Amino acid sequence: MTDYGEIEKRAKTRKTALNTITYILLVFWAVIVLFPFYWMILTSVKSYSAYNSEYIPAFFTLSPTLQNYADAFTAVPLGRYFANTVIFTVVTTAIMLVVITLAAFAIARLDFRGKNIAFVIFLSLMMIPNELVIITNFVTVTNLDMRNTFPGLILPSVTSVFYIYLLKENFEQIPDSLYYAAKVDGTSDLKYLLRVMIPISKPTLITITILKVIECWNSYVWPRLITDDENYFLVSNGIQEIRENGFGRENIPAMMAAVVVISLPLIILFLIFRKKAMAGVSRGGTKG
Amino acid sequence: MRKRKLTDWGLKGWLYLLPAILFLGFFMVYPLLDVFIYSFEEGYNSASQTYYGVGWYNYSYILHDPYFLQAVKNTFILVMITVPLSTGIALLISVALSSIKTLRELFQTIYFLPYVTNTLAVGLVFMILFQKTAYTDGLVNLFINWFGGSSVDFIDGPYSAKMFVLCFYTIWVVMPFKILILTSALSSVNQVYYNAARVDGTSKIRTFMRITLPMISPMIFYLVITGFIGAFKAYSDAVALFGTNLNAAEMNTIVGYVYDMLYGDSGGYPSYASAAAIILFSIVLTITCINLLMSQKKVHY
Amino acid sequence: MEVILRNLTKRFPSRDRKKREDVIAVDDFNFQIPDGRLIGLLGPSGCGKSTTLNLISGLLKPTSGRIFFGEDDVTDLPPENRGIGLVFQNYALYPHLTVRQNILFPLQNLKGKDKLSKSEMLSKANEAAKLVQIDDLMDRKPAELSGGQQQRVAIARALVKMPRVLLLDEPLSNLDARLRLQTREEIRRIQRKTGITTIFVTHDQEEAMSISDMIVVMKDGVVQQIGKPQEVYDNPENMFVARFLGTPPINLFVGQVKDNQLYIGKDAVLRLKGIGNQEVLVGIRPEGFILQEDGPLCCTLSGVEVMGRDTSVVSQNEASLNQTIRAIVGTEHLVMETKVRFALKPHKVFLFNRETEKRIDFEVEA
Chain A
0 MTDYGEIEKR AKTRKTALNT ITYILLVFWA VIVLFPFYWM ILTSVKSYSA YNSEYIPAFF
60 TLSPTLQNYA DAFTAVPLGR YFANTVIFTV VTTAIMLVVI TLAAFAIARL DFRGKNIAFV
120 IFLSLMMIPN ELVIITNFVT VTNLDMRNTF PGLILPSVTS VFYIYLLKEN FEQIPDSLYY
180 AAKVDGTSDL KYLLRVMIPI SKPTLITITI LKVIECWNSY VWPRLITDDE NYFLVSNGIQ
240 EIRENGFGRE NIPAMMAAVV VISLPLIILF LIFRKKAMAG VSRGGTKG
Chain B
0 MRKRKLTDWG LKGWLYLLPA ILFLGFFMVY PLLDVFIYSF EEGYNSASQT YYGVGWYNYS
60 YILHDPYFLQ AVKNTFILVM ITVPLSTGIA LLISVALSSI KTLRELFQTI YFLPYVTNTL
120 AVGLVFMILF QKTAYTDGLV NLFINWFGGS SVDFIDGPYS AKMFVLCFYT IWVVMPFKIL
180 ILTSALSSVN QVYYNAARVD GTSKIRTFMR ITLPMISPMI FYLVITGFIG AFKAYSDAVA
240 LFGTNLNAAE MNTIVGYVYD MLYGDSGGYP SYASAAAIIL FSIVLTITCI NLLMSQKKVH
300 Y
Chain C
0 MEVILRNLTK RFPSRDRKKR EDVIAVDDFN FQIPDGRLIG LLGPSGCGKS TTLNLISGLL
60 KPTSGRIFFG EDDVTDLPPE NRGIGLVFQN YALYPHLTVR QNILFPLQNL KGKDKLSKSE
120 MLSKANEAAK LVQIDDLMDR KPAELSGGQQ QRVAIARALV KMPRVLLLDE PLSNLDARLR
180 LQTREEIRRI QRKTGITTIF VTHDQEEAMS ISDMIVVMKD GVVQQIGKPQ EVYDNPENMF
240 VARFLGTPPI NLFVGQVKDN QLYIGKDAVL RLKGIGNQEV LVGIRPEGFI LQEDGPLCCT
300 LSGVEVMGRD TSVVSQNEAS LNQTIRAIVG TEHLVMETKV RFALKPHKVF LFNRETEKRI
360 DFEVEA
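Line by line, the protein sequences give chains A, B and C.
Following numbering that gives the first Met the number 0, the residues of the first sequence are numbered contiguously, the last one being 287.
Following numbering that gives the first Met the number 0, the residues of the second sequence are numbered contiguously, the last one being 300.
Following numbering that gives the first Met the number 0, the residues of the third sequence are numbered contiguously, the last one being 365.
These are computed hints drawn from the structure, not numbers from a lab.
Be a bit skeptical, because a hint or two may be false.
Straight-line alpha carbon distances no greater than 20 Å define the calculated PhoX-like cross-link-like pairs of lysine-lysine that follow [what the hints assert, rightly or not]:
(1) K11/A - K11/B
(2) K182/A - K203/B
(3) K265/C - K344/C
(4) K201/A - K275/A
(5) K203/B - K8/A
(6) K167/A - K203/B
(7) K357/C - K218/C
(8) K14/A - K114/C
(9) K201/A - K190/A
(10) K167/A - K201/A
(11) K60/C - K11/A
(12) K338/C - K265/C
(13) K190/A - K100/B
(14) K218/C - K272/C
(15) K201/A - K274/A
(16) K203/B - K110/C
(17) K274/A - K203/B
(18) K11/B - K114/A
(19) K100/B - K203/B
(20) K110/C - K129/C
(21) K8/A - K60/C
(22) K272/C - K140/C
(23) K190/A - K11/B
(24) K272/C - K257/C
(25) K117/C - K129/C
(26) K123/C - K192/C
(27) K347/C - K272/C
(28) K347/C - K227/C
(29) K190/A - K167/A
(30) K14/A - K11/B
(31) K8/A - K338/C
(32) K100/B - K60/C
(33) K112/C - K123/C
(34) K129/C - K192/C
(35) K140/C - K129/C
(36) K167/A - K114/A
(37) K114/C - K203/B
(38) K11/B - K182/A
Values in this document were obtained by computation on a predicted structure and should not be read as measured data.
With the hints as extra help, turn the sequences into a complete structure.
Below is the structure:
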C-alpha cells in the first residue's frame, strides 16, 4: 500500500525548495546586472574629496552632491558630444528609414527586370561583416576629405540589408488586393506606399527605428576612426577621451556623472518602449 | 509572374532601389573587393597611394607580428570561455525565469538593461569596480578581502586577472540577447508536452534533458553561432576596460589589431589591416561552417 | 479500477476583471465509474468535460470534492503518482523521438523497485505497439506518420505502463471522417482487450453513443444525465439531452395538453393519461413519425431526401421550433403532395416543461 500522504508531502517540500533556489538565482543575476548601474549613480553623487578619501569604498553616501554633473558639462564638452550624438542618431536613422523603405517597396511590390538578381545580391550582402569593409571606407572617407564631418560619419551607415529584408517580409504580407484596389482608384505607387503600406507596417518600422537608435547611440568604432577633432566626437569617443585626457585620471566621480548622462537617454527610451524593443531584438538584433 | 507588369522597362523599380544600391555599392561592395586588393599590395603607402609589389607579404608580416599573435591568442581565449559560459548561464536563468510568474516581467526588464547601455560607458564602471589604485583597492578586491584573499589589480595586473575581467564584462554585455532568445524559445515549447511528461511521472531533470533541450536546440545553436561570430569580433569591451592602447595592455583582440593598423599611433597600414581582417573572417567562416555541420547532426529539426 | 467522483467542483477566476464571479467549469459532479468500462464524457464545447478529464488526471486541482481510484483518495496526488495514462487531443508525441523512444519514454521514468531492465522495457514497448498494430513503424518519427498512426502511438505510449485508468481527450477530433470510424472501433477493441477503465471526452454524440458503455452528458459544468447510451437516448431527462443526442436531431414543437389530449397547433396528436392541462414543449425523434393518410399531425411538405437506406421527409409546421421537420420513414408510401400527415410512435415522443425544460412523464391511453 502506498502512503499517499507521504508522497504528497515530499512533493510539496521539493517544490518549495526548488522555488527558493530559483528566486535566489534570479535575484543574484539581477544584482549583478543592476550593481554597476547603482555604483555609477552612487559614485556620481559622491564629492571628489569624499571619493578619494575612501580607501574602503562606501556603499552609500549621506552628502550627495550634483557638483560632478556640473563639472561633467563644464570641464569637458559633454554637451557637445551629446548634441553630436543626437544629430548623428537622428539623421542616420531618418535617412536609413527612407532608403530601406523605398528599397523594400521596390522588392516587395514593384516588378522590374533584374529584380530577382538584385534581391539575391542584397541577400548575400547580409553576410558581409562590417569589419571587412570598414578599412576601405576609412581610406575612401579620408581621401574625400570627409574626416571630421557629419557626412563622413553618417553616410556609410545609412543602409542596412537586414532591415530591408525585415521590412520587405512585412510589406509582402499586405494582401495584393489592396494594391489593385488602389490602382483601380488611380492611386500612384508612391501614394500607395505612403498612405497604405507605411501605416500598416508601422510596428515593424518602429522596431527598426528602436534598433537603429540603440546602434547609433552606442557606435564607437567608425566614429573613432573618422573623427579626431573633439568637436565631432560622439558620446562613446567622448567617454574614451574623458577617460584618457579629461578630468585628470583620478576624478572618477565626474567621469561617472558623464557616464550617467550618456546612459540615461537610452534607458529612458527603453523603459518607454520596453515591449517593442524586446520584441524587436528577439526578431533580429545581435549586439555589435 | 505573379504580379502585373506595370511598366515595360521597370525603370520605376530601379529608381526606388537606387539609393540603396548607391550606398551599398559604394560602402559595401566596392570596399569588399578592395580589401582583398589591399591585402595583396605590398608596401602600400596611404599618403602617396603607391605600392611596390603584389604578393603574400602582408599576410606573412602579420603572422609574424607578436602583437597579432597576442591578439589571436586573446581572442581565442575570450571566445572559448565566454561563448559556452554565457550560453549556459543564460539557459539556466531563462529556465528559472520561465518557471516563475510573480516578478517575471520585472526580472526580464532588468536583465535586458545591459543591451541598451553604451558599452564604453558601462565598461568604465567595471574598470572602477575592478581597478586597484593608490587610493583604493576597489570594490571587487574588498569582497576578495572579506573572503580572505589578497587584492589583485584586475586592470593593470596579471594577464589572467585582466582576461577574467574581460570575459566577465563580455558575458555581462551579451547576456540580455541570449536570455531574451532563450526565454522566448522556452515559452514556445507547447505546454502539452510537459503535461504528457508529467502524467508519465518524468522527473524535472529528465523532462529538461529529453524534451526541453531537444526542442529548443535550434535556438541554442543559433545562439552559439552568433555568439562565436560576436566574440571573434570583440573589441569595444576591451577598449572600455583597458583603454585604447590595447597592445601595451596585452589585451588586444584581432579586430583591435585591424583598427590599430589602420589608425592611431601605430596606424597607416591599410594593407596589413586588410590581411588581418581577411584572416579573421576566414577563421569565423571556418568555425561557423563547423558549427553548422555539427548542428545538422545534433539539432532535431 | 473503479473511479469515484464525489461533489467534484472546479472554479476558475473570471478573466473579465469587472465580473467578480468565478467561472464554474465543473459543478458538483458525482459519479461512480464501474471497473473496466468505457465511459464517454459528452457535451458541447465549454461544458466542462475536458476540465473533468484534467481533474481526474491530476493536471488540475479541484476547488472542492474528492476523487477516488478504488479505495485510494487521489485528490491531492500529482498526476505522476496516480497511475493514469493520458492521450492528448493533438497526441503530444515528442517530435524529436522515434515511435519506439516515445513509447519507451514513460517506462524509462520508473524508479526504485519499479525499475525495468532494458530488455523488459523493449518487450513491453513491443507488446504495446503490437496491441495498437504499429509494430512495423517503430523507427519512424512522428512527423512521418499519418494522423491515425500518430493516434495509435499516443495510445500505445499511454498504455505501456499499464495504467489503472486510461484517459482520452477528444481522441478522434483530429482525424478525417473515414479514419474516425475505424479508429473508434479500434479504441473499443483495445479497451475490451486490456480491460482498463477508460474515460474519453468528445463533443460528437455519435462517437460517444457508438462505443461507450456509459455516457455522461454535460452542459455548463453540470451533469445532465448519466447512463447507457441507448437508455439516455430513449429516456432523456431534459430537453438539452434530447436535443444533443441523435442525428438528425429531435424535432421540437410548441404544444399543449388539454383534457388528456396532446395538441400540436390545432392537431390533436396523442391521447394521454396522468397529466394535467398545461403548455408543453414536444420533442419527436425523426424515427417517431409514421406516414399515414389519416394521421393526426398535418405538415406542409417541402421535400424528400433519400440518403442510402434512409428516406427523410422534410416538412414544415407552424408549431415547430425547428425550421424544418425531419421524419425518417420507410420508403413504401411515397406520394408527393403538398401536405403530409403523420401518426406518431408514442415512445418516441417526449414532453418537456416550458420553463424548466425538464421531462414530463406521461402514459399513453391505448
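Each hint, compared with the structure:
no.	hint	result
1	K11/A - K11/B	violated, 69 Å
2	K182/A - K203/B	violated, 58 Å
3	K265/C - K344/C	holds, 19 Å
4	K201/A - K275/A	holds, 12 Å
5	K203/B - K8/A	holds, 17 Å
6	K167/A - K203/B	violated, 42 Å
7	K357/C - K218/C	holds, 14 Å
8	K14/A - K114/C	violated, 24 Å
9	K201/A - K190/A	holds, 16 Å
10	K167/A - K201/A	holds, 13 Å
11	K60/C - K11/A	holds, 14 Å
12	K338/C - K265/C	holds, 15 Å
13	K190/A - K100/B	violated, 47 Å
14	K218/C - K272/C	violated, 32 Å
15	K201/A - K274/A	holds, 15 Å
16	K203/B - K110/C	holds, 14 Å
17	K274/A - K203/B	violated, 31 Å
18	K11/B - K114/A	holds, 12 Å
19	K100/B - K203/B	holds, 18 Å
20	K110/C - K129/C	violated, 25 Å
21	K8/A - K60/C	holds, 16 Å
22	K272/C - K140/C	violated, 65 Å
23	K190/A - K11/B	holds, 14 Å
24	K272/C - K257/C	holds, 11 Å
25	K117/C - K129/C	holds, 18 Å
26	K123/C - K192/C	holds, 16 Å
27	K347/C - K272/C	holds, 16 Å
28	K347/C - K227/C	holds, 17 Å
29	K190/A - K167/A	holds, 18 Å
30	K14/A - K11/B	violated, 65 Å
31	K8/A - K338/C	violated, 73 Å
32	K100/B - K60/C	holds, 18 Å
33	K112/C - K123/C	holds, 17 Å
34	K129/C - K192/C	holds, 12 Å
35	K140/C - K129/C	holds, 17 Å
36	K167/A - K114/A	holds, 13 Å
37	K114/C - K203/B	holds, 18 Å
38	K11/B - K182/A	holds, 15 Å
The structure fails hints 1, 2, 6, 8, 13, 14, 17, 20, 22, 30 and 31 (numbered hints given earlier, in ascending order).
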